[in-house]
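J.: Numbering-wise (numbering that gives the first Met the number 0), the sequence shown opens with residue 0 and increments by one.
Rather than coming from a laboratory, the hints here were simulated on the basis of the structure.
Any given hint could turn out to be false.
[To be verified] The following label-pair restraints were derived from C-beta to C-beta distances:
{"no.": "1", "residue 1": "Gly168", "residue 2": "Ile125", "range": "49 to 57 Å"}
{"no.": "2", "residue 1": "Asp20", "residue 2": "Glu167", "range": "25 to 33 Å"}
{"no.": "3", "residue 1": "Lys112", "residue 2": "Lys59", "range": "47 to 55 Å"}
{"no.": "4", "residue 1": "Lys186", "residue 2": "Asn75", "range": "31 to 39 Å"}
{"no.": "5", "residue 1": "Lys59", "residue 2": "Lys160", "range": "28 to 36 Å"}
[To be verified] Below, simulated SDA-like cross-link-like pairs (lysine to any residue); rule was C-alpha separation at most 25 Å, straight line:
{"no.": "6", "residue 1": "Lys105", "residue 2": "Thr124"}
{"no.": "7", "residue 1": "Lys59", "residue 2": "Thr124"}
{"no.": "8", "residue 1": "Lys108", "residue 2": "Glu183"}
{"no.": "9", "residue 1": "Lys108", "residue 2": "Asn75"}
{"no.": "10", "residue 1": "Lys80", "residue 2": "Gln30"}
Where is the CB? At the ideal position from N, CA and C, for every residue including glycine.
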Amino acid sequence: MKKMMAAIALTTLSLSSMAADCVALTKDVPQVTWTAFKTPAKAGVNGTFTNTSIVATTAKNAQDLMSTATFTIDTNTSSTKDAARDANINKNFFSLFKNPGKITGKVLKVTDKKVNVAITLNGKTIEVPMKYALEDNKIVANGTIDVFDFALNDQLKKLNKACFALHEGKTWNDVNIQLVANTESVKCN
Numbered sequence: 000m001k002k003m004m005a006a007i008a009l010t011t012l013s014l015s016s017m018a019a020d021c022v023a024l025t026k027d028v029p030q031v032t033w034t035a036f037k038t039p040a041k042a043g044v045n046g047t048f049t050n051t052s053i054v055a056t057t058a059k060n061a062q063d064l065m066s067t068a069t070f071t072i073d074t075n076t077s078s079t080k081d082a083a084r085d086a087n088i089n090k091n092f093f094s095l096f097k098n099p100g101k102i103t104g105k106v107l108k109v110t111d112k113k114v115n116v117a118i119t120l121n122g123k124t125i126e127v128p129m130k131y132a133l134e135d136n137k138i139v140a141n142g143t144i145d146v147f148d149f150a151l152n153d154q155l156k157k158l159n160k161a162c163f164a165l166h167e168g169k170t171w172n173d174v175n176i177q178l179v180a181n182t183e184s185v186k187c188n
């Protein structure tokens, strides 16, 4: 009986140690940064959103993890580290969205180094291709959106008018975006 119990214990221990590793998101808040452009020389203005969330199902690898990801961004938390600029951007751009305060996204397709994301803002959903890399337990995705694709022409005009002198009459319609999500190795279920 003792030998049988020892064999069962050893088998159980062996099976649990053989459980494969999976990849999951950490509980860290994902970083979402953006770079908009002003002036005819196309000077960058960097910002971040401080209230973001991402959800994804634990998977065998990072690509499978990404394929289940959805995210939400609170545009009221946009920060350029300049309070006056932040107030201006919120008043003359983000607050004028059809769904003010919210951007959502859902991963549609993941390939070797690209991910296609359906981004919804201002009541419009556009598929945005992004390049990604896996770096030190992080997924880093970079892409560019055109605010005109999201019917934000009037909002951009209003922002440009409010910043006309500072922007030398030019506020660009393309915005670079970056999403960084931390991952960790976990035991598969």
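J.: Look at each hint and say if it fits the structure.
T.: Outcome of the hint check:
1. Gly168 x Ile125: 49 to 57 Å: violated (27 Å)
2. Asp20 x Glu167: 25 to 33 Å: violated (53 Å)
3. Lys112 x Lys59: 47 to 55 Å: For Lys112 and Lys59 the Cβ distance comes to about 19 Å; the hint is violated.
4. Lys186 x Asn75: 31 to 39 Å: Between Lys186 and Asn75, where Cβ atoms are some 38 Å apart, the hint holds.
5. Lys59 x Lys160: 28 to 36 Å: Since the Cβ atoms of Lys59 and Lys160 sit about 51 Å apart, the hinted range of 28 to 36 Å is violated.
6. Lys105 x Thr124: holds (10 Å)
7. Lys59 x Thr124: violated (29 Å)
8. Lys108 x Glu183: Answer holds: Lys108 to Glu183 is near 22 Å, not above 25 Å.
9. Lys108 x Asn75: Outside the cut-off at roughly 29 Å; violated.
10. Lys80 x Gln30: Roughly 15 Å separates the two Cα atoms, so the pair holds.
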